[in-house]
Amino acid sequence: MNRLPLPLRRGAVLAALAAFAALSVAGPQPVGAADSKPIVIGASISLTGAYADGGKYSLQGYQLWVKEQNAKGGLLGRQIELKTYDDQSDPAVGVRLYEKLITEDHVDLLVGPYSSALTGPATNVAERHKMPIMTTEDAAAATFLRGFKYAFQGLPQAPRYVQSALDLAKAHGLKKIAFVGEDTAFPHAIGASVPDSAKKLDLDLVVNEYYPHNASDYSSLAQKIKVSGAEAVIAVSYPPDSVGLLRALKQVAYTPKEFYEAIGPSDPQFWQNAGPDANGILASSAWSSELKTPGNAEFVRDFTKEFGRMPDYHSASSFSGMMVLAEAVKRAGSLDQDKIRDNLATLHLQTLLGEYRVDPATGLQVGYQMLLLQWQNGKQYVVAPDAFKQKSPLYPFPGWTH
Amino acid sequence: MNRIALVAAVAVVAVLAAAGPFLSGYALAVVYQTLVYLALAYGWNIISGYAGYFSFGQITFFGIGAYVTALSVTNAHLDWRLGALLGGLVSMALALPIGAIMLRLRGPFFSLGMLGLAQTVRVLISSSEAMGGGTGIYLPVSVNPLVVYEWTLGVAAFAFAVTVAIDRSAFGLRLRALREDQQVAGTLGVDVTGAKIRAFLISALIPGLLGGGYAMYLTLVEPVSAFSTRLELQSIVMTVFGGIGTVWGPLVGGIVMSQISEALWARFPQAYLMIFGGLLVLFLIVLPRGVVPAIADRLKKRGGPRSFTPQAAPAARETVA
Amino acid sequence: MALTLAQLTIDGLLLGGIYALSALGFNMIFGVMRVVNLSHGQFVVLAALLAAWAYSTYHVSPLVTLPVAVAIAFVLGALVHRFLLRRLPADTSSQEAVSLTLTFGLSYFLAGAGLAIFGGTFRAVPYLTGAFSVGPFSIGQARLLAFVAAAVLTALLAVFLRVTPIGRAIRATSQHLEGAMTCGIDVDAVRTFSFALGSAIAAAAGCLLSLVYTLNPEEGGIFTLNAFAVVAIGGLGSYAGALVGAAILGLATSYTAYFTNAQLSEAAPYVIFVLVLLVLPAGLLGRRTA
Numbered sequence: 001m002n003r004l005p006l007p008l009r010r011g012a013v014l015a016a017l018a019a020f021a022a023l024s025v026a027g028p029q030p031v032g033a034a035d036s037k038p039i040v041i042g043a044s045i046s047l048t049g050a051y052a053d054g055g056k057y058s059l060q061g062y063q064l065w066v067k068e069q070n071a072k073g074g075l076l077g078r079q080i081e082l083k084t085y086d087d088q089s090d091p092a093v094g095v096r097l098y099e100k101l102i103t104e105d106h107v108d109l110l111v112g113p114y115s116s117a118l119t120g121p122a123t124n125v126a127e128r129h130k131m132p133i134m135t136t137e138d139a140a141a142a143t144f145l146r147g148f149k150y151a152f153q154g155l156p157q158a159p160r161y162v163q164s165a166l167d168l169a170k171a172h173g174l175k176k177i178a179f180v181g182e183d184t185a186f187p188h189a190i191g192a193s194v195p196d197s198a199k200k201l202d203l204d205l206v207v208n209e210y211y212p213h214n215a216s217d218y219s220s221l222a223q224k225i226k227v228s229g230a231e232a233v234i235a236v237s238y239p240p241d242s243v244g245l246l247r248a249l250k251q252v253a254y255t256p257k258e259f260y261e262a263i264g265p266s267d268p269q270f271w272q273n274a275g276p277d278a279n280g281i282l283a284s285s286a287w288s289s290e291l292k293t294p295g296n297a298e299f300v301r302d303f304t305k306e307f308g309r310m311p312d313y314h315s316a317s318s319f320s321g322m323m324v325l326a327e328a329v330k331r332a333g334s335l336d337q338d339k340i341r342d343n344l345a346t347l348h349l350q351t352l353l354g355e356y357r358v359d360p361a362t363g364l365q366v367g368y369q370m371l372l373l374q375w376q377n378g379k380q381y382v383v384a385p386d387a388f389k390q391k392s393p394l395y396p397f398p399g400w401t402h
Numbered sequence: 001m002n003r004i005a006l007v008a009a010v011a012v013v014a015v016l017a018a019a020g021p022f023l024s025g026y027a028l029a030v031v032y033q034t035l036v037y038l039a040l041a042y043g044w045n046i047i048s049g050y051a052g053y054f055s056f057g058q059i060t061f062f063g064i065g066a067y068v069t070a071l072s073v074t075n076a077h078l079d080w081r082l083g084a085l086l087g088g089l090v091s092m093a094l095a096l097p098i099g100a101i102m103l104r105l106r107g108p109f110f111s112l113g114m115l116g117l118a119q120t121v122r123v124l125i126s127s128s129e130a131m132g133g134g135t136g137i138y139l140p141v142s143v144n145p146l147v148v149y150e151w152t153l154g155v156a157a158f159a160f161a162v163t164v165a166i167d168r169s170a171f172g173l174r175l176r177a178l179r180e181d182q183q184v185a186g187t188l189g190v191d192v193t194g195a196k197i198r199a200f201l202i203s204a205l206i207p208g209l210l211g212g213g214y215a216m217y218l219t220l221v222e223p224v225s226a227f228s229t230r231l232e233l234q235s236i237v238m239t240v241f242g243g244i245g246t247v248w249g250p251l252v253g254g255i256v257m258s259q260i261s262e263a264l265w266a267r268f269p270q271a272y273l274m275i276f277g278g279l280l281v282l283f284l285i286v287l288p289r290g291v292v293p294a295i296a297d298r299l300k301k302r303g304g305p306r307s308f309t310p311q312a313a314p315a316a317r318e319t320v321a
Numbered sequence: 001m002a003l004t005l006a007q008l009t010i011d012g013l014l015l016g017g018i019y020a021l022s023a024l025g026f027n028m029i030f031g032v033m034r035v036v037n038l039s040h041g042q043f044v045v046l047a048a049l050l051a052a053w054a055y056s057t058y059h060v061s062p063l064v065t066l067p068v069a070v071a072i073a074f075v076l077g078a079l080v081h082r083f084l085l086r087r088l089p090a091d092t093s094s095q096e097a098v099s100l101t102l103t104f105g106l107s108y109f110l111a112g113a114g115l116a117i118f119g120g121t122f123r124a125v126p127y128l129t130g131a132f133s134v135g136p137f138s139i140g141q142a143r144l145l146a147f148v149a150a151a152v153l154t155a156l157l158a159v160f161l162r163v164t165p166i167g168r169a170i171r172a173t174s175q176h177l178e179g180a181m182t183c184g185i186d187v188d189a190v191r192t193f194s195f196a197l198g199s200a201i202a203a204a205a206g207c208l209l210s211l212v213y214t215l216n217p218e219e220g221g222i223f224t225l226n227a228f229a230v231v232a233i234g235g236l237g238s239y240a241g242a243l244v245g246a247a248i249l250g251l252a253t254s255y256t257a258y259f260t261n262a263q264l265s266e267a268a269p270y271v272i273f274v275l276v277l278l279v280l281p282a283g284l285l286g287r288r289t290a
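These protein sequences, in sequence, are chains A, B and C. With this note's numbering, you'll find the first sequence wraps up at 402, consecutive numbering, no jumps. With this note's numbering, you'll find the second sequence wraps up at 321, consecutive numbering, no jumps. With this note's numbering, you'll find the third sequence wraps up at 290, consecutive numbering, no jumps.
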């Protein structure tokens, strides 16, 4: 087939190019700032792609807060409107969306996207436009250690996730532990601290490995753990890989004394996907539905009524982030971004997750604590720390069903 | 080739360069993303359109460019543009052995072998601590996105210029010849291996030059977004839609498809994939060779049969009957 | 060590069964039509999600869902061929690229449809999750089922292609197109039937694999890629070759994951695939294809 150079009519080409140029130079539209208009809070959230699972929980937390706050009279006497877009779990799309929210939609306030991979780039956009951003789903410290003034962390820092699981292993006299994690930003942020923490507790780290995102097969990894003689399996895994790893361990017929899977099992639907084998599995969460923080019981009740499922900690975190942001706005008394920023940096506030408090210099979270959860016969309970404990941990891990 | 069209293209590049500072953050982001797609599409079009080696893995070089830049900025403290240039050169250098091996595969073997290559390189980087593993590398946040935009505009213009040059050259003819039939081209004295490797090098250089800008733009380079299958596939879709192996195809396809895609995701996040995939299928049924060749055929038909293409033939017969 | 090695070999072969199962429909469609069906994995995943949905909503075993999914996929496959693939230009130089792009677009479409129907969250079926103990070894039940199913389905397909008239017509079409046409075979109908059958086999694989994997609607690509690697190593269109290719890939994945790390094992299929093809361009057991 021969394709000769194409004698395109100049009209067609020029029209196309002109259209492109026109589209490109279309600047922001002026927006009046009448006080009767609602206050717009903007965010990008992953509703499709790799982070869709957690993204939806997170979005629903935002939505519920906005609905309830509007019923209570809104903010600064104005109603609140939530403006969100789907970033498709793609950081470049996330950057574009925050640019859109800031320069095109002229939102008044910003809250964060879902996951560390999206929050890192998004906070940079907010910083450039000098708008504070209350992040709610990024536990990695690296995001906040880049000299930013306007980014605030709304989750406990990553290393805190795994500490209680290691303490528990130590308390029960275990010697050998295996660490595995998904090969993405957040598990790495946690995993980086594990060798040191293990050493301090005199625990022998016999496996220390990452597996790829969307990995399909865990058999050999499970075999490796079995052969290593590890007594505790400390995994940092999301819901799908938590189930995959669990099944693989079951299929190599290996029962650890302690089985911890950081994030995956904190999903309220974990039991449904994993079945009764989930009994005795430990997880970390910044939040639990049973936590006695102010407003938590109402939050769980309203969320379940609104969305027909239990909230998970992403929902509680995004809801709490909104509480913090609103308080900072109230104290600032206006939408002055720098005043809001200063209040976010110095505020101490009781939220669903506990006390919000950040290091004023970096925005790193120092107030929130981690909880250790355990599935026991189809229900999640807080088993540590003692202050929040609902039940004693089921220990050792009871093993697989047949 | 229409000289006025070329002049217009130069004018558009000049306008876009001058307009940068006046664009809103979002408009800049949209045009930037479109330019990334355009440049990727032009890069891909050389090896896959002209030479007929349908690659699903040119994003490998985009990722390599991004990582080379990140490492030169964080370790060697180079200016990122130097790093990005280096990224392009490293990509091209690596493309030489890679091309020599992969181009021995034909048809779908090459296509999916390249896809496998992208996955392999991604996994290798992901399992390397020096490259930041799955976390990736956080980059300095001081770079103005406008500078990244200008860099990318430059790369896109370069990619376009290279395409125009190839399209009119004897080299371009050789590539088309080997696309139609390698054996015949070989017997006619075309250095088949040399020609396709050179095309592959160009198709590696362009994404290699782009990757560094992308990393600086995101302030974070990590394996999943650096070796983004989405970027790869969208740029392919754009070229196929516009007209594969043509000068104007990637431009028309890139602009139209990125506008459609930008309009779709905002309104229908849940149905986005379905609509996008559905449109692609529909276009292929209606215009299997792309928009640009279809328009060209239409124009030729109106102006009388100036050239004979296989696609134009049945159409002509229909009008007679 | 010897015990571990033996266990890894068992795991690798079981994994090979899974690869073989998910490559069977893909191989058939390529063999008959020379179409690399990039939407193949999406058929697998959608059937798996259907099975998982039926299980979580109505507690229906995926083995019961299987015939339903197979029927749906058969009809869907027939429609895709009748109204889409058949309309592509017959011109050979661009057909390959166009059919590749078309099935790629179709995979996007199906992934989107999956999102709309099942939502973006992953699904898993807690069913047959246990393992049989044989001496010192353990054999996952779901994996064993997939392994047996791969062998049975391959055998059934081989018998079908040899014994039934339509099977013979399919073989004739795939071996010698002009010859088949001269014999009065309705090549178009044969191709539609083949594409439908290939899609149905993909759906059967999906229902069985719902027991093994946790999946979401956008994960079809990995099955397509693995199917391609399996089939390319074994020789496109060769069913015995696909079994060999699958076993090689399964073993390679299993060993690399154990002896190096889980990340490198993800790359193993591609490296092997490229190496094999450089040495044997037609694959291990393949006849030369165009």
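Rather than coming from a laboratory, the hints here were simulated on the basis of the structure. Certain hints may be false.
Pairwise CB distance ranges (calculated) [to be verified]: (1) 191/B - 75/C: 45 to 53 Å; (2) 186/C - 191/B: 54 to 62 Å; (3) 204/A - 93/B: 53 to 61 Å; (4) 307/A - 67/C: 51 to 59 Å.
Residues from chain C shown here face chain B by an in silico Cβ test under 7 Å; the list is partial [unchecked claim]: (5) 109; (6) 111; (7) 266.
By construction, the Cβ of each residue, glycine as well, lies at the ideal position given by its N, Cα and C atoms.
Checklist entry - Regarding residue 204/A and residue 93/B, is the given constraint of 53 to 61 Å on their beta-carbon distance met? => result violated, 44 Å
Next on the checklist: Let's test the interface hint: is any C-beta of chain B closer than 7 Å to that of residue 109/C?
Outcome noted: For residue 109/C, the interface hint holds, since the closest Cβ of chain B sits about 3 Å away, which is under 7 Å.
Next on the checklist: Please check whether residue 191/B and residue 75/C have a Cβ separation lying inside 45 to 53 Å.
Outcome noted: The hint (45 to 53 Å, Cβ to Cβ) holds, given that residue 191/B and residue 75/C are roughly 51 Å apart.
Checklist entry - Using the C-beta atoms of residue 186/C and residue 191/B, is the stated range 54 to 62 Å upheld? => result violated, 45 Å
Checklist entry - When the nearest CB of chain B is found for residue 266/C, is that gap smaller than 7 Å? => result With Cβ-Cβ at 5 Å, under 7 Å, it holds.
Item to check | CB-CB spacing for residue 67/C and residue 307/A relative to the 51 to 59 Å hint | outcome: For residue 307/A and residue 67/C the Cβ distance comes to about 35 Å; the hint is violated.
Item to check | Status of the hint placing residue 111/C at chain B (closest C-beta pair under 7 Å) | outcome: It holds, given that the least Cβ distance between residue 111/C and chain B is near 5 Å, below 7 Å.
In summary, the numbered hints that this structure violates are 2, 3, 4.
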